[in-house]
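Visitor: This is what each chain is made of:
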Amino acid sequence: MSTSKSQADAFKALVNWLREAIREPEQFTLSYAAESSAFVRFNHAKVRQAGQVQQASIGFKLINDGRHADLDITLAGDPEVDVQRLAEGLQQLRETLPLLPQDPYLLLNHNGWQSKNVQDHPLPDTEQVVAEITRAAEGLDMVGFYAAGPISRGFASSSGAFGWHQANSFNFDFSLFHENGQAVKASYAGHDWSSEGFAKRFALAREQLAFLGRPLRTLAPGQYRAYLAPAALEEIMGMLGWGGFSAQSIASKTSPLQKLYAGDSAFSPQVSIDEKVSGSLSPAFSGEGYPRSDLGLIVAGKAGAQMVSSRSAAEYGLTANGAGGGEMPSALNMAAGTLPEAEILKQLGTGLYISNLWYLNYSDQPGARMTGMTRFATFWVENGEIQAPVSTMRFDDSAYSLLGSQLEALTEERELLLSASTYSQRATASALLPGALISKLTLTL
Amino acid sequence: MFDFHPQLKQRFAALRTGAEFFSLRYVRESGQYLSVRKNVAEPPSLSRDEGAMLTVRVNGVEAYAATNDLSQQGLQSALDRAEQQARRLKPHALLDLRDQAVSSDRADYFSPNLDQPFPSLSDCYQLLGAESASVPKDERLVNWQVSIGLTHVEQIYLNSAGAELRQAQRFVYPGLDVTAYDGSDSQTRSLGRENFGQQGGADVISRCGLIGAGPQVADQALQLLLAPNTPQGPRDLLLMPDQMMLQIHESIGHPLELDRILGDERNYAGTSFVKAEDFGHLQYGSKLLNVTFDPDIPEQLASYGHDDDGTAASKQFLIKEGLLLRPLGGALSQFRAGMNGVANSRACGWNRPPIDRMANLNIEPGDQPLAQLIGNIERGIMMSTNRSWSIDDARNKFQFGCEWAQLIENGELKGVVKNPNYRAISAQFWKSLSAVGDANTVKVLGTPNCGKGEPNQVIRVGHASPACVFSNVDVFGGDA
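Here the protein sequences line up with chains S and F, keeping their order. What the first sequence shows, in the UniProt record's numbering, is residues 1 to 445, in sequence order. What the second sequence shows, in the UniProt record's numbering, is residues 1 to 480, in sequence order.
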């Protein structure tokens, strides 16, 4: 397994080679992504599938005379082979550029910025973690996934910019199933595995499981008071983040928040949402070479900043603020409210306590109207007391209602949710969110 | 083609392990995504990827290690890591695979027309530019994009039982979308994109209908802007193939995946309303419903000779005359469940392990021409092109939305309506299947974007379907 230092050195070697190889007036940007991951999936409290993945790649952009093209290359980890692949890549891009027209929206950052962040806290041995997990789950129907290891990200440009980000992390994302099919979802994630911390988190999930044994309540479609726990609110934020704050989506009228950014609709003044890169787990620079700024996306319910990539900056006359090509937030930070956690059930009174939502999508995107399902530990509450788990229900409501006219309160306490996503590579996204008390949630099926 | 094969074989032969069985799956992939947005060529996005996954079985316990280092030392090191993990995790293992049979097949598989060159990058940009320029000038048309995605994949599977399986495939994804905006509402109409992908070459672009489509797609976006909302209430629902593919995918494909039924996916993708004991007994749909796993349609996105565990693939009925017969489960799931399945153990790349995936999942055609399907509907709605999908984790309660719809009154197609949505429950919905279109209504479609698994994987799946009619479905529109 490569160490962070050797990976950083290997990346620097490629950057140095490329700086020597390019010919005036060529320019380049080079991003780097690597990880060495232990993956263990569990079913019925046993190891269902275990493995280890070692991968590294570069994202190479060559620019010449206003033309540019991007090439992702998987690296082998052998310096000679990797230089050879980069040389072949350079040749391919040199042959490609003359075939392209000049790009009116090419905008390069000529700043030679420097950034370095290395967190190399030692991670526990996988066998030890598996032993702790299986011991804790003895007698339970536990299903889950443990992912751990170092992640590295780098960036360099022909203008002298250089960024390096490396962090060790783990994420154990799991569910405990009651024999009636109901389940509670939880996770234990970070960079410092503590046996005591894990045992506490697991015990909390185990306590919640006890409530799920009560007879299931089936609700009729209609409108209900509801509390959305932070993990449920994260699903709504994830949907809104999918093009919602993107400068290109807003300009091309495909953003679900186009009415917010047009000033035609607003959220409750309680809602303030930032993209807060500082202090988050994600790199302080984007893959296209801009330092990432902290942004106030929604300020007291009204539209604030947009996520602006370099391309959008050039096309729409905006200032690039470090958003990646997809212009999606990855370090969401929502302002806390005033509802103490201990008061949630009392303030809810009678209604739904929803721990998680699932599979959201739009019913009417310009109206930010979305639908989705309850999933994991949804309870019927009467007079401030949990009565019964609720069978899976579908909601269909506008975000302007859920976070606007029907938003009663946000909780004082917030939860830091670390992404467990592993599509292509382990994600570094996070969200710091409160829970939300809503006076009317529309259930349809 | 397969130029790394001799070296790989040599290195595989030199690997040393104490495992009773081991395999190597090498994948080399190159990609190209080209697009023109509002008459401006976007920079091409190119990719080159290669690596290998080593899998071992030690005392019945399997483990894997994937590596980007394809040297002899790199492969041996990955094999050692996999073996060490299998030994160390044995006390905690869920499965004992000592008695599971392994493949010793040797075969090659190729996409159709693989020997014919794909249009050059210049030719592609010329085509995309012309199509983009064909979108009419109208200030309400605020965004449009034309694109072609192209992926070449070479895979070589070797194992210690002597299997040697090679496949070389080329996947093509043409697409076009246009967004219209009237100062308040916006509507997008598309062709291809996530709804259309096939194996082949330039022929795929032709079959998609991309060439010359700009004006019509733009016109339909404008029509939607002027259209009233879809009325609410029960109607007979005619789904065209580019919505049927999503309907099949979400409410037949995923619930029939055997690993979900065995509980593997309960923490992420979910479970299934179908139980193992339902196979052979459950009437899943009306007598008109015939569903096949079909790897034999050459141009379909997930046609192949063997799956990624080395099992030979063949056409199988999963549902016949509405009766549920067989799950989507590969060799491992079949061994665990003691059931028949299909060859659908698939991985999205060299760095992810094979799991049960859908591959090609199709509805067999019926006997009614499209005109007859429409003619027999008294009060209904025709919906086309998926744009929104949401279904519960057991794949039962769903709500889907489409881009385009037209009302049907007294056997005739009437006006366009916007924001068409419908919702129902899988376990009941397929029983309302009242008519199935003939072979002339079938379209061979597919998407590169099916997500599942821990670690997460996104994979290609194919769906071929005729147009189908469902009775008395709850439909509704939007607020705008």
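Note that these hints are calculated values from the structure, not bench results. We treat Cβ as the ideally placed atom computed from N, Cα and C, and that holds for glycine. Treat the hints with care, as some may be off.
[As the list claims (entries may be wrong)] Within a straight-line C-alpha distance of at most 20 angstroms, the following computed EDC-like cross-link-like pairs (lysine to aspartate or glutamate) qualify:
id, chain 1, residue 1, chain 2, residue 2
1, F, K90, S, D103
2, F, K38, F, E139
3, F, K38, F, D203
4, F, K90, S, E315
5, F, K320, F, E250
6, F, K38, S, D103
7, S, K259, F, E250
8, F, K275, S, E415
9, F, K9, F, E42
10, F, K90, F, D105
11, S, K259, F, D182
12, S, K5, S, D103
13, S, K46, F, D96
14, S, K276, S, E415
15, F, K38, S, E315
16, F, K90, S, E408
17, F, K443, F, E364
18, F, K38, F, D123
19, F, K90, S, D125
20, F, K275, S, E179
21, S, K440, S, E408
22, S, K46, S, D141
23, S, K440, F, D479
24, S, K5, S, D120
[To be verified] What the simulated footprint calls covered on chain S by chain F, stretch by stretch (three residues with Cβ under 8 angstroms from a Cβ of chain F suffice, anywhere in the stretch; the number is not a length):
id, stretch
25, 70-79
26, 98-107
27, 129-137
28, 229-243
29, 336-346
30, 368-374
Visitor: Decide, hint by hint, whether the structure agrees.
Guide: Consistency of the hints with the structure:
1. A hinted pair counts as satisfied when its Cα atoms are at most 20 angstroms apart, and K90 of chain F with D103 of chain S does not qualify at roughly 56 angstroms.
2. At roughly 12 angstroms between alpha-carbon atoms, K38 of chain F and E139 of chain F fall within 20 angstroms of each other, so this suggested pair holds.
3. Note on K38 of chain F and D203 of chain F: the hinted pairing is violated, with a Cα-Cα distance of about 25 angstroms set against a maximum of 20 angstroms.
4. For a cut-off of 20 angstroms, the pair hint linking K90 of chain F to E315 of chain S is broken: about 57 angstroms separates their Cα positions.
5. Simply put, K320 of chain F and E250 of chain F have alpha-carbon atoms about 19 angstroms apart, close enough for the 20 angstroms limit, and the pair holds.
6. Between K38 of chain F and D103 of chain S the alpha-carbon distance is near 13 angstroms, which keeps this suggested pair within the 20 angstroms criterion.
7. Between K259 of chain S and E250 of chain F the alpha-carbon distance is near 31 angstroms, which puts this suggested pair outside the 20 angstroms criterion.
8. For the suggested pair K275 of chain F and E415 of chain S, the alpha carbons sit about 36 angstroms apart, so the restraint of at most 20 angstroms is broken.
9. Distance check on the hinted pair: K9 of chain F and E42 of chain F sit about 41 angstroms apart at the alpha-carbon level, beyond 20 angstroms; violated.
10. A distance of roughly 29 angstroms separates the Cα atoms of K90 of chain F and D105 of chain F; the hinted pair therefore is violated under the 20 angstroms criterion.
11. Pair hint K259 of chain S plus D182 of chain F holds up; C-alpha atoms about 13 angstroms apart against a cutoff of 20 angstroms.
12. With a CA separation close to 37 angstroms, the supplied pair K5 of chain S and D103 of chain S exceeds the 20 angstroms bound.
13. For the proposed pair K46 of chain S and D96 of chain F, the alpha carbon gap of about 12 angstroms is at most 20 angstroms, so the pair holds.
14. Proposed proximity of K276 of chain S and E415 of chain S is supported: the alpha carbons are some 15 angstroms apart, at most 20 angstroms.
15. Distance restraint check for K38 of chain F and E315 of chain S: the Cα-Cα separation of roughly 11 angstroms lies within the 20 angstroms cut-off, and the hinted pair is therefore satisfied.
16. Of the pairs offered as hints, the one joining K90 of chain F and E408 of chain S is violated, with about 52 angstroms between alpha carbons and a cut-off of 20 angstroms exceeded.
17. Restraint check: the Cα-Cα separation between K443 of chain F and E364 of chain F comes to about 11 angstroms, which is no more than 20 angstroms; the hinted pair holds.
18. Of the supplied pair hints, the one linking K38 of chain F and D123 of chain F holds, its CA atoms being roughly 18 angstroms apart against a limit of 20 angstroms.
19. With a CA separation close to 16 angstroms, the supplied pair K90 of chain F and D125 of chain S stays within the 20 angstroms bound.
20. With a CA separation close to 15 angstroms, the supplied pair K275 of chain F and E179 of chain S stays within the 20 angstroms bound.
21. With a CA separation close to 10 angstroms, the supplied pair K440 of chain S and E408 of chain S stays within the 20 angstroms bound.
22. For the given pair, K46 of chain S sits about 9 angstroms from D141 of chain S by alpha-carbon distance, which is consistent with the 20 angstroms threshold.
23. For the hint linking K440 of chain S to D479 of chain F, the alpha-carbon distance of about 17 angstroms falls within 20 angstroms, and the restraint holds.
24. Using a Cα cut-off of 20 angstroms, the hinted pair K5 of chain S and D120 of chain S holds, with the two alpha carbons roughly 10 angstroms apart.
25. Residues of the stretch 70-79 of chain S lying with their CB closer than 8 angstroms to a CB of chain F number 9, which satisfies the three-residue condition for coverage.
26. Under a criterion of three residues with beta carbons nearer than 8 angstroms to beta carbons of chain F, the stated coverage of the stretch 98-107 of chain S is upheld, 7 such residues being counted.
27. Counting residues of the stretch 129-137 of chain S whose CB falls under 8 angstroms from any CB of chain F gives 3; the rule of at least 3 is met.
28. With 0 residues bearing a CB less than 8 angstroms from a CB of chain F, the stretch 229-243 of chain S misses the requirement of three and the coverage assertion fails.
29. With a cut-off of 8 angstroms between beta carbons, the stretch 336-346 of chain S has 0 residues touching chain F; three or more are needed, and the interface restraint is violated.
30. Here's how the stretch 368-374 of chain S fares: 4 of its residues keep a CB closer than 8 angstroms to some CB of chain F, so the rule of at least three is met and the hint holds.
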